[in-house]
Amino acid sequence: MSTSSTLRAGVRLRSRSGASLWKLQRSERVAGYGFVVPITVLFVLFVGWPIVFAVYLSFTRWSGFGSPTVIGVDNYTRMFSDPVAATAFWNTIVFALVTTLLQTVIPLIIAVLLSNVWRGLSVVVRTLLFIPGIISFVVSGVLWKLIYDPNLGTLNNLLKSIGLGAWQQHWLSDPALVMPSILVVSLWGAVGMNMLIFFAGIQGVDPTYYEAAEVDGASRWQQFWYVTVPSLRVVTAIVISLNLMNGFKVFDLIYVMTAGGPNHASEVFGTYLYSLAFGSTAGSIPQLGYGSAFSVIVMLLCGVAVLVQIVLSRRASR
Amino acid sequence: MTALATRAEQTPRLRARTARRRRFPVGRSFVAFVLLAISAFTIFPLIWLVLTSIRPANTVFGGSFWPTSVTFDAYVRAWNSTDFGLHFANSLWITLATVLGVVIFASLSGYAFAKLRFPFKNVIYVLLLATLMMPSTSLIIPLYLQLKSFGLLNTQVGLLVLYVSSSAPFSMFLMRAFFETLPDELIQAARIDGSGEFQIFWRIVLPLARPGLATVIIFQFLQTWNEFIYANTVLQNTDELPLQPVLFGLVGQYQTDWPTLCAGLTMSIVPVILVYVWMQRQFVAGMTLGAVKN
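As you go down the protein sequences, you meet chains H and R in turn. Sequential numbering from 1 applies to the first sequence in our numbering. Sequential numbering from 1 applies to the second sequence in our numbering.
So that you can see chain H by itself, here it is in the shape it has in the complex:
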């Protein structure tokens, strides 16, 4: 379609009578609803209503049989006297904050370094770093479980072969080491993706800023701190928020690697609510109400992550 015919069409549209214009708008409205209704129906049935239902369930006691008993805020107060809930709370918060910090700072540094090296090398490194990010958490969890295996695992073998046999650990069965060990796997998977977001952001920085900084005699470090970092504020806000959210809702990786063990040492909200509802041990009664209370908390935490992004982006654009 050429520009001239488009223009002519526009002129014709304006010269049409009001009645047929209204008819046009009506067909537009009909199409608009027709196109939007299917996704909206799906959304209401499988996202909107479940949110409402989770909130309702969180105020009830229910095993899934019969009908739920409304018990007010008992599920929420119960959390304070539940030692597993306390572990899950601290693990979730610390995991989210530490992964967010590491998965923001390390990718940022790598992205800055990448924009300073020979282009071919940059492409190779970017491709390699990104690969763990496209592999499922099930695969990476199982793979790292083998690597961490205390007797046969590669990590302990490697430590032994380089003379650091004393550093060998029961990586996933030592309560003090299990969370850091899982954190490394999360970092391994997340660096590539976050690095790419920063890299794209750096490519978008106006090069004249660097020229101006250089004219003013700024060192490389000063250029990084006073040009690169401020230019990446919006991108950084997005990365922080995405990582926070992924940390708050973490489930797959921990469920696959430890299922919250040993003895709840790596329990997070995700794994705990799952085991409450769907049972980690056979024969236990499902606690859908108490589990839903944790669902609601995860939702609220993800809401906080979104707010963090809004606040940070606002401040950045000021």
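Bear in mind the hints are in silico, worked out from the structure with no lab data behind them. Accuracy of the hints is not assured; some may be wrong.
[To be verified] Each computed SDA-like pair below joins lysine to any residue, with the alpha-carbon atoms no more than 25 Å apart:
| # | chain 1 | residue 1 | chain 2 | residue 2 |
| --- | --- | --- | --- | --- |
| 1 | H | Lys145 | R | Ile54 |
| 2 | H | Lys145 | R | Phe41 |
| 3 | H | Lys145 | H | Ile93 |
| 4 | R | Lys148 | R | Thr131 |
| 5 | H | Lys160 | R | Leu51 |
| 6 | R | Lys121 | R | Leu186 |
| 7 | R | Lys148 | H | Phe278 |
| 8 | H | Lys145 | R | Ile273 |
| 9 | H | Lys160 | R | Phe65 |
| 10 | H | Lys145 | R | Ser136 |
| 11 | H | Lys145 | R | Arg77 |
| 12 | R | Lys148 | H | Pro68 |
| 13 | H | Lys160 | H | Ala176 |
| 14 | R | Lys148 | R | Gln236 |
| 15 | R | Lys121 | H | Val30 |
| 16 | R | Lys148 | H | Phe59 |
| 17 | H | Lys145 | R | Pro271 |
| 18 | R | Lys148 | H | Val70 |
| 19 | H | Lys145 | H | Gly261 |
| 20 | H | Lys145 | R | Met267 |
| 21 | R | Lys121 | H | Phe59 |
| 22 | H | Lys145 | R | Val251 |
Remember, it's a predicted structure, so these values are computed and weren't measured experimentally.
With chain H's structure known, arrange chain R on it following the hints.
Okay, now just chain R, sitting in the frame of chain H:
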């Protein structure tokens, strides 16, 4: 994209100039060395995975890092003893059907939100947008109950419905951003020429949105192929399971047969690697667009 490319070329050249002037070539090689070391650390587990899968079973523990002899027995064992083909096919059809569903729902609604005028448009849009990031961890309990009441529990269709409804809003958001870049005159002209609304969408708008569609397709493929929590919860019948829950189950079953386990894991990542290599450019563009537009 062109603007990005030229900037990409300019910035390193400028930096290179700075580096030369400061006589700092050592720093640059050091940076290259650090980056290569990080890459090696990143890729090491995957190399180990593949190497373990091609070792003879009796040389797995205590052997050298590089296998002295190579065998593909483990692949045969993994394929035959776990009904791998069946689960692979399950994953493939569920993933492709999800991709198709998401593309249909997301492009129709993305177009309507970008270009059509109708009452309550913004209300519906904000409604979809507000819960774009609703985590599956939070919804798993009510969704399980919801599927149960619809009689869709333990069916692949139920899983498919969850996948499409939970992913479509995000893709709708991407497609809307894409459709907004198209000129309004194009659509108006087609209307004057007497095309129906669906015809305009199908014949004129959709073909122009191919790069956006490519992004949605790749993104959705990887996400659905890798999904675990819904697949592990909704389906109980072993024959209907897609790959991820099956791989999870292998851990206990093949606790000491690492080559078989590793062969299974390796086979499961072939499709995502293929998709990634095949459509890397669109994927990276889409990922960053998606993240930045957020």
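Verification of the hints:
no. : hint                    : result
1   : Lys145(H) <-> Ile54(R)  : 19 Å, holds
2   : Lys145(H) <-> Phe41(R)  : 17 Å, holds
3   : Lys145(H) <-> Ile93(H)  : 23 Å, holds
4   : Lys148(R) <-> Thr131(R) : 23 Å, holds
5   : Lys160(H) <-> Leu51(R)  : 20 Å, holds
6   : Lys121(R) <-> Leu186(R) : 21 Å, holds
7   : Lys148(R) <-> Phe278(H) : 14 Å, holds
8   : Lys145(H) <-> Ile273(R) : 22 Å, holds
9   : Lys160(H) <-> Phe65(R)  : 13 Å, holds
10  : Lys145(H) <-> Ser136(R) : 24 Å, holds
11  : Lys145(H) <-> Arg77(R)  : 21 Å, holds
12  : Lys148(R) <-> Pro68(H)  : 16 Å, holds
13  : Lys160(H) <-> Ala176(H) : 21 Å, holds
14  : Lys148(R) <-> Gln236(R) : 13 Å, holds
15  : Lys121(R) <-> Val30(H)  : 12 Å, holds
16  : Lys148(R) <-> Phe59(H)  : 21 Å, holds
17  : Lys145(H) <-> Pro271(R) : 23 Å, holds
18  : Lys148(R) <-> Val70(H)  : 21 Å, holds
19  : Lys145(H) <-> Gly261(H) : 13 Å, holds
20  : Lys145(H) <-> Met267(R) : 18 Å, holds
21  : Lys121(R) <-> Phe59(H)  : 34 Å, violated
22  : Lys145(H) <-> Val251(R) : 9 Å, holds
When the structure is compared with the earlier hints, a violation turns up for hint 21 alone.
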